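Novice: As a plain string of letters, each chain reads:
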Amino acid sequence: MDELLNDFIAETRDMAQALSGAIVAWEAEPQDRERFDEIFRFVHTVKGNCGFFDLPRLEQLSHAAEGALAEVRDGKRTADTALVNAVLAVIDRIGELVQALETGEATASEDDEQLIAALSGKPVAPAIAEPSAAPDGEAKKAIRSIRLSVDLLDRMMSAVSDAVLARNELARRLRDAPRDIAVEAAFERVSTCIAEIRDGITRTRMQRIDSLFSGLPRMVRDLAADLGKQVRLDVDGGDVELDREMIEMIRDPLTHIVRNAIDHGIEEPKDRTAAGKKAAGTLKVSARQTGNQILIEVADDGRGIDAEALVRSARAAGLLSAEQAERLSPAQKLALMFTPSLSTAEKVTAISGRGVGMDVVRANIERIGGVIDVESRPSQGVRLCIRVPLTLTIIPALTISAGGQVFAVPRSAIDEILRVGAIRIDSVGSAEVATVRGRRVPLVGLATLLGITANVADEDQRIVLLKPAGGEAYALAVDAVHDHEELVVKPAAPAVMAAGLYAGTTLADDGSPILLLDPSGIAKCAGISLAESELHQALGVAEEATESARETSLLLFRTLAGGRRAVPVMVVERIEDVPAEAIRFGAGKLRVAIGERILPLAGCEAAPAEGKLRILRLTDGRTELAYGFAEVIDIRSVAVDLHLAPAPGEVAGVTLIDGAQVELLDPHWLFAAHGDSGQQEERAQPVCALPEGDPWMEAMLRPLVESLGYRVVAAREGVAADILILSEESEGAGPVQAGQIVRLRSHPEEDEAGASIYRYDRAALIGALSRGAAKGKANG
Amino acid sequence: MAELLLIARLAGRRIAFPAAMVEAVVELEGVTPVPRAAPHVAGLAALRSRVLTVIDGLAALGLEGKGEVEARDAIVIPCDGHTYALIVEEVEDVIEADAPATRLSAPVGAGWARVATGTVEVGSELFLLVDPHALIAGPAANAA
Chain A
1 MDELLNDFIA ETRDMAQALS GAIVAWEAEP QDRERFDEIF RFVHTVKGNC GFFDLPRLEQ
61 LSHAAEGALA EVRDGKRTAD TALVNAVLAV IDRIGELVQA LETGEATASE DDEQLIAALS
121 GKPVAPAIAE PSAAPDGEAK KAIRSIRLSV DLLDRMMSAV SDAVLARNEL ARRLRDAPRD
181 IAVEAAFERV STCIAEIRDG ITRTRMQRID SLFSGLPRMV RDLAADLGKQ VRLDVDGGDV
241 ELDREMIEMI RDPLTHIVRN AIDHGIEEPK DRTAAGKKAA GTLKVSARQT GNQILIEVAD
301 DGRGIDAEAL VRSARAAGLL SAEQAERLSP AQKLALMFTP SLSTAEKVTA ISGRGVGMDV
361 VRANIERIGG VIDVESRPSQ GVRLCIRVPL TLTIIPALTI SAGGQVFAVP RSAIDEILRV
421 GAIRIDSVGS AEVATVRGRR VPLVGLATLL GITANVADED QRIVLLKPAG GEAYALAVDA
481 VHDHEELVVK PAAPAVMAAG LYAGTTLADD GSPILLLDPS GIAKCAGISL AESELHQALG
541 VAEEATESAR ETSLLLFRTL AGGRRAVPVM VVERIEDVPA EAIRFGAGKL RVAIGERILP
601 LAGCEAAPAE GKLRILRLTD GRTELAYGFA EVIDIRSVAV DLHLAPAPGE VAGVTLIDGA
661 QVELLDPHWL FAAHGDSGQQ EERAQPVCAL PEGDPWMEAM LRPLVESLGY RVVAAREGVA
721 ADILILSEES EGAGPVQAGQ IVRLRSHPEE DEAGASIYRY DRAALIGALS RGAAKGKANG
Chain B
1 MAELLLIARL AGRRIAFPAA MVEAVVELEG VTPVPRAAPH VAGLAALRSR VLTVIDGLAA
61 LGLEGKGEVE ARDAIVIPCD GHTYALIVEE VEDVIEADAP ATRLSAPVGA GWARVATGTV
121 EVGSELFLLV DPHALIAGPA ANAA
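Protein chains in written order, with our numbering: chain A, 1 to 780; chain B, 1 to 144.
In short, the hints are calculated from the structure, not lab data.
Only a predicted model underlies this, so the values are computations on that prediction, with no experimental measurement involved.
Where is the CB? At the ideal position from N, CA and C, for every residue including glycine.
Just so you know, not all the hints are guaranteed correct.
What the hints assert, rightly or not - Selected chain B positions facing chain A (in silico; Cβ < 7 Å):
no., residue
1, P35
2, A37
3, H82
4, S105
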C-alpha cells in the first residue's frame, strides 16, 4: 500500500502546486468559472482518492470543501470573500496534511472543525489560524523521490551495456599490449565502477509489484458492482520487487485471472448464503519471492471449477477419448482449462464458467519463462498460482553452435547435455529417435532444421536434451556446446520472431549478435508437437512446475591409488581421519573402529602400516561404511553423463568433469558387497524416505516428519526406510525398500477408496506416520 | 523549412527517404544470419550495444539479388521499438526538398509501388519518395 500512498502524495502535491496559480486568480476574481472548476476538480479528486486510504481528516476537509463549492456551482451560494478564504484555508490544510503524511510527522494544526465551520458560511469566531510554519528542509528528509521517464532508464541501461562492451574491448587490447601495472590498476578501477553502475541501474528497473496490484481494488469493486456480487479483496506482498518489464507482461494475465475469479468463481450473495458461506466472497491476491522466482497467487473462495464439465467438453470437442478421460488425474482434468480449443467452446463457459482465454493467459506467462498452476476444491474455491522469473532481461543460457554460428539456449529448458556416443540413435522413417537411459525422445538436428550445414560429423555432435516449458522433451543435436553465460536478452524484431524459432537476441562479449533459440518453437517447427502432445502440454502443467536441470552434487576425491573418483554428496555422512591401529582385517573383511562402532572399510586393500587414514563415512540411511581415500578435490554439481562400467563393481562408470575422466562410485554395489548385513542399527530413530527434488516435500513435509521423530532420507537407490512417502507423480517405490508406503495427493477429493492421503490432511498424515514410527521401533 | 531527404541508390534507382525517419547511416560489418527468417531479413548486426535487424533492400522490394552481405552502406531506421539497418547500394547525400512531395501519378514498376509514397523534386531531378517502414515490412506485407 505504501507505493499507492506515495503516488497519492506525489499526485496531490503536484496538483496543489499547479493549482497555486489558479487559487490566486480565483481569489482576485471569484466569478472566474474556469479557475473555479479547476479548484473544484482538485478537491473532488482528493476526496475520491482518500476513499482508498484511511485518511479521515483529509476526507472530511475535502468533502466539506466540495460541498460548499457544489453549492456555488449550483448557484445556491455566491463565492464571497469569506467562502474563498475558507476554501483556500482548506486547500492549505490539505497541503499541510499531505506533507505530514509524507514526512510521517504530526501536523501542528488540529482545528479542522473550525475550517469546516468557516466553509458553511455561518459567521464563526476568527478561526483561520496562522498556518503553522511550513516544515522546512529538515522535516522533509523522510522520502525523497523523483519521477523518471522509463525511456531515460532504458537509455541509461543501454549506455551502461555499451560501457561494458567497451570495457571488454579494452580488456582484450590490454591483454595484447605490453603489461603496464599502472594502466591495469586504472583499468580495474574503471571496471569496478562500471559494474557498480550496472548493478545500480539494474535495480532501478526493479519495481514493486504494488504498481501491478494498485489497480485491483478499483477493478474488483467495479466488477463486483456490475455483477451484483460482494467481493472482499485481500492484497498481500505488494513490496515484492521485480523487473518493471515483467510487471507489464503479467498485467494482462493477472487482470484476466482476477476477472474470471469474480465473474465465474465467486457466487452471488444469495447462492453463497444458501451454501452456508459468508455473503461476501474473498479474493486473495498475494505475491512473494522464492529464490529467483516470484510467486503470484490468486485465490477465491467461490464455487470452484467443475473438472468433470471440462472433461465432458474436451470429450465433446473430440480432444479426449473415453479411455483417456478415464485415466486423467484430477489435476490433469483441471489443466484442461488451458487447452486452446476448449477455451472457445461456449459450453464450457456456460457450465463451468472458466476457460475463457485461459490458454492465452498461459501462453503469455510461458512466454516470459513462467508457469501457471491451478488448484480447485469444489465449492471451496480456486487457487491459481503464477511463477515467473525475477527479471526478463538477464537469462542464464548455454551457448552452442551449429553450422559455424553461435546460438544461445535458455538454461531453464535444458535437461542435460550428452555426447552422441552416450546414447542410442534410431531412425524411424524420416525421423530420428534418441534413447537416453531407456527414455525415447525425438531427435532434432539443429543445423538441418535451420537449413545450414553442420560443421562436424554426426558422431562428433553433442546432444542437448531439452524440455521446453509445457512441452515434450526432445534431443537437439548441435555441433558444439560452449559455455554457460548470463545473457542480457532483448526482444527480436517481428521479422525475426516470425521465423518461430527464436526467443530474442543478445550480444556476445565481443559485441556480435547471438540469437536465443526458443525450445518450444523449435519443437513446433520440427513437428514434434503433434496434436496429441498439444493436449499433453495442457496436461503437463502441474508436473513440470518443478522441473529443473538434473544435476547431481558430487564429491570429487583422489583415491589412495591416486585416481580421481566421485561419489554423490547425498550418501556421504562425514569425512574423518582414523588412526591406522583402528583398522583391522577380521572375519574376512577390513573393518575400522570408530568410537563404539565397527564399520566395514572399502577403498583400500590393507590397513596402512602407520599414521592415519582419511575415510568417507557413507550412509544408506541405515547402515554405514567407511571408504578410505587420499584427499578431497572438490564438490561439484554436474549433470552426470555416465559411461557404464562393463561389469558391476565398486565403480559404476566414468563421467567427464572439467574435461577429466572421473570414476563414479556405485554406492549401491558398495553397500551390497561390504555392508554388514548383520550389523544392527542401534538407532531407535525410524527412517522416512522422501522423493528427491520435490520442493513441497522438502519445505513443507519434512519438518512435520522430523518433528514426529523420523530421520529423513532421500528416496534413492539402496535406501531402506520404515516409511516411504510418495507424491502422485512418483511412479512407485522404485529402488527403495520401505516398510510402509504412504501416498499423498494434492487434491482434497477422495480417490480409490482412501488409497492416498490429501497432503494437507494433517491428522491423517500424522496418523500414518505414527503407525510407521511404532512399527519402525518394533523392527529396530 | 522544406523536408530533408536522404538520397540513396537501391536497385539501380536513386530514391529519397524522409531524413526524419532515419537515425544514422552506418557501414555494416559482420552480419549474423538468421536462418529461416523471411528472405528480406539479411541477419543481425550490432551497433554499439544494440542489435540491428539487417534488411536487404533488394529482397525487401521483392526483387532478386540477395547475395553476400559485406561491408555495405546501411541506413539505420527505428521502427516500432526495434532498430533496423536497411542495406542499399549507396547512400549519396542529405538534401533539402524543393517542394512538398506530390502523389504518384504514373506506375513506378514492380516492387516499388508498395513502398513509394510519392515523388519529390530536388534540384531539377524527380526522386521517388520511399517509406522505409514499408521496405522493412518486406514483400510479404503486400498480401496483407
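Novice: With reference to the structure, classify each hint as holding or not holding.
Specialist: Taking the hints in turn, this is what the structure says about them:
{"no.": "1", "hint": "P35", "verdict": "holds, 4 Å"}
{"no.": "2", "hint": "A37", "verdict": "holds, 4 Å"}
{"no.": "3", "hint": "H82", "verdict": "holds, 4 Å"}
{"no.": "4", "hint": "S105", "verdict": "violated, 32 Å"}
Violated hints amount to a single one, hint 4; each of the other numbered hints is respected by the structure.
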